[in-house]
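A.B. asks: Residue-level listing of the chains:
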Amino acid sequence: MNRRTLPLVALLLAVVIGGLAVGSVGARSKASPTKVVLWHGYTDYEAKAIKAAVASYNKTHPNVHVTAQFYGNADYALQKVLTAIAGGKYPDIAYLYGSWAANIAKSPKTLDLTQRVKDPSFQFDDIWRAARAVGRVNGKVIGVPALIDNLALVYNKKLFRQAHVPFPTAKWTWADMRRAAKTLTNRGKKQFGWAYVNDGSEDTVWRFEALLWEAGGNILTSDGKHAAFNTSAGVKALKFLQQTVVKDKSVYLDSGNGNYANLFNSGRIAMLYTGPWDLASFPNVDYGVQILPRDRNHQTISGPDNWVLFDNGTQRSTAAWNFMKWFLSTNEHLKIALATGELPLRRSELKQPGYKRYVKKYKGIGTFVRNLANAEKSRPTTEKYPRISEAMGLAVQSVLLGKAQPKAALDKAAAKVDAILRTP
Amino acid sequence: MRLVRSEHTAGWAFILPAVVLIVAFGLVPIVWALLLSFQSSDFVSPPKWVGLANYQALRHDPDFRAAIVRTLEYTAIFVPVVVLGGLGVAVLLNAKVRFISIYRTAFFVPVACSTVATAIIFNWLLEPTFGLVNWVLGWFSLGPYGFFQDPNQALFSVVLMTSWGWIGFNAIIYLAALQGIPGELLEAAEIDGASRFVTFWRVVWPLLGPATLLLVVWSSINALQVFDEIYVSTRGGPLQATTVVVYYLYEQAFRFFAAGYGAAIAYVLFVAILLLTLLQLWIGRRRVHYTS
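Which chain is which? The protein sequence lines are A and B, in order.
Using the numbering used here, you'd call the opening residue of the first sequence number 1 and step up by one each time.
Using the numbering used here, you'd call the opening residue of the second sequence number 1 and step up by one each time.
In case anyone wonders, no lab produced these hints; they're calculated from the structure.
Only a predicted model underlies this, so the values are computations on that prediction, with no experimental measurement involved.
Built from N, CA and C at the ideal position, the CB exists for glycine as well.
One or more of the hints may lead you astray.
Residues from chain A that face chain B, not an exhaustive set, calculated with beta carbons under 8 angstroms [stated by the list, open to error]:
1) Asn186
2) Lys190
3) Gln191
4) Leu253
5) Asn259
6) Ala261
7) Thr382
8) Pro386
9) Arg387
10) Lys403
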């Protein structure tokens with residue numbers, strides 16, 4: 001750059017900076033209500049529901065102005081929120097997956113809600129235990145529940161009738177499941193009894209974890225320092241999968257592209273272990289929902305997500321918390337559930353008059369709600385979980401591809417997990 | 001006013017937006033990634049300076065080594081397939097037949113297809129039970145193959161998918177080069193009694209040298225950086241059979257949040273690509289004739 005160009009560059013810079021300054025001054029002079037910015041990834045009717053809730057809150061709370069902003073696909077929300085924090089301009093509230101709790105807990109801008117949730121009017125204990133657990137990291141509460149779901153058995157009634165197999169009952173065992181899957185499989189018609197996501201991702205792992213818990217096993221030891229899934233319970237759970245997949249060949253293995261949902265909807269698959277989020281993908285199937293078949297018990301796994309609050313000064317934090325308290329109150333959340341088909345977060349929602357309408361509106365949803373009582377355990381909230389999940393995923397995947405035996409695969413994964421847990 | 005009107009200033013003004021964008025989204029991230037590779041960072045807590053620790057850890061990481069081997073395997077198959085495949089298609093498309101522009105368009109369509117769309121299409125084409133490919137192979141009593149779901153076939157299936165998308169591009173470059181070959185040289189060869197094969201081997205192929213060099217360099221860089229199609233189709237699996245270097249980098253940085261480690265992988269890859277390209281250009285300079 002030479003001397004002649006400098007004035008021009010300076011002029012451009014001045015215009016840009018000037019514009020920014022004018023813009024921000026203009027924004028500030030108008031702002032009398034406290035600003036609360038909420039980031040979410042909702043689209044369609046879910047987006048409508050949250051906008052309606054925010055609008056009604058703003059109307060009744062003139063001192064606060066809540067803005068709900070769409071941050072795109074929730075899969076990338078953590079990166080976006082972290083980038084925003086690094087840039088110094090971040091939301092007050094963000095919807096973040098439960099599996100990120102340990103990561104976001106480390107940010108100095110994340111609000112510690114441990115004292116806030118003790119507020120009696122919030123009735124924290126009214127919320128399902130599994131949903132509460134996922135916001136708790138090292139004894140600190142860093143998020144309040146945004147969503148809860150769980151895995152249940154969804155089945156195609158027509159295929160059951162065709163094969164003269166009675167519908168699954170709440171007393172089904174793994175053996176019943178295996179037998180039915182075998183009967184419902186018809187290689188000639190390219191029809192499968194069951195489907196399993198076998199890409200080795202968390203999709204593979206959490207379904208296995210439900211089986212592991214049903215057999216009485218655990219992911220880690222109670223002190224969280226060692227792997228505990230390579231016990232007889234873990235081997236039993238993985239053997240059950242191995243027998244149905246490798247020996248009976250009655251399971252469609254999905255390579256992680258979600259093909260299973262399309263195939264279930266076109267009547268190629270009789271049973272799925274899946275959650276309420278999938279139900280809208282099955283418009284062509286008359287399906288039923290049952291709790292998971294048992295081994296020692298009927299446990300399920302739930303994948304709760306959090307609303308995480310960030311520190312933008314006391315005034316905004318308090319306003320954000322007050323909004324959250326209102327938003328998660330029994331009546332308000334039931335409205336969201338009614339509009340979106342999400343499961344209730346609070347036990348008290350089940351006693352509301354609107355709950356009956358909700359169960360009627362969403363076919364099979366009642367079983368998922370009842371099944372929440374079976375969500376007894378949670379995945380460990382540690383930032384090492386993604387690595388633990390990877391090791392377990394490879395173990396399950398290798399067995400289901402017929403490349404390894406359950407005991408050996410789980411032992412190998414456990415050794416890896418122990419090493420991961422040893423690193424600081 | 002004289003200042004603003006001067007050509008020099010106007011020139012700067014015109015390129016300023018581009019310069020700002022390149023600096024902001026090109027140079028800054030490149031330098032930042034280099035700094036990041038010397039740090040231990042999870043994107044959340046303040047980063048710690050660790051010097052060369054990330055690079056040292058890479059030397060002892062068996063998964064990284066496996067990813068390198070896999071990437072080299074992929075490159076060793078992909079580059080000959082797309083370069084020779086592109087040449088073959090270009091020779092066919094150079095023929096004087098009717099509807100030639102339709103054929104040319106047909107071969108170029110996959111290039112215009114987004115890589116994500118390509119991967120989604122191939123997911124279904126190569127689906128073992130319901131896919132079209134196994135169905136057609138079944139007529140000839142072949143298969144069924146596992147493709148993306150078989151650890152031994154997954155990498156080859158990825159090559160099949162990515163080369164489908166790339167052959168058209170290489171064919172267009174070769175086609176342009178073929179049409180640039182002076183007709184009198186071909187005539188001279190014919191008069192001298194050269195067979196079609198000899199003409200191709202002794203006259204056409206050497207004249208295609210610059211195009212071949214360009215495509216080998218370009219395809220190699222692409223192969224070493226392959227990511228999108230793998231992300232959409234196999235996610236590095238099954239059993240890490242398609243975990244190539246960039247996918248491994250992605251997992252480290254964005255699944256396990258080891259940002260510094262991921263940045264170190266990126267720089268190792270950058271240096272490797274730089275060296276390979278220099279080697280190819282050096283060989284090319286000795287073997288390729290730029291004038292006919």
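A.B. asks: For every hint, state whether the structure bears it out.
C.D. replies: Evaluation of the provided hints:
1. Asn186: Where the cut-off is 8 angstroms and the nearest Cβ of chain B is about 12 angstroms from A/Asn186, the hint is violated.
2. Lys190: holds (6 angstroms)
3. Gln191: violated (10 angstroms)
4. Leu253: Since chain B brings a Cβ to about 6 angstroms from A/Leu253, closer than 8 angstroms, the hint holds.
5. Asn259: Nearest chain B Cβ about 7 angstroms off; hint holds.
6. Ala261: At about 13 angstroms, which exceeds the 8 angstroms cut-off, the nearest Cβ of chain B leaves the hint on A/Ala261 violated.
7. Thr382: violated (12 angstroms)
8. Pro386: Hint on A/Pro386: holds, closest Cβ of chain B at ~5 angstroms, below 8 angstroms.
9. Arg387: holds (6 angstroms)
10. Lys403: holds (7 angstroms)
Consistency note: the structure conflicts with the earlier hints numbered 1, 3, 6, 7.
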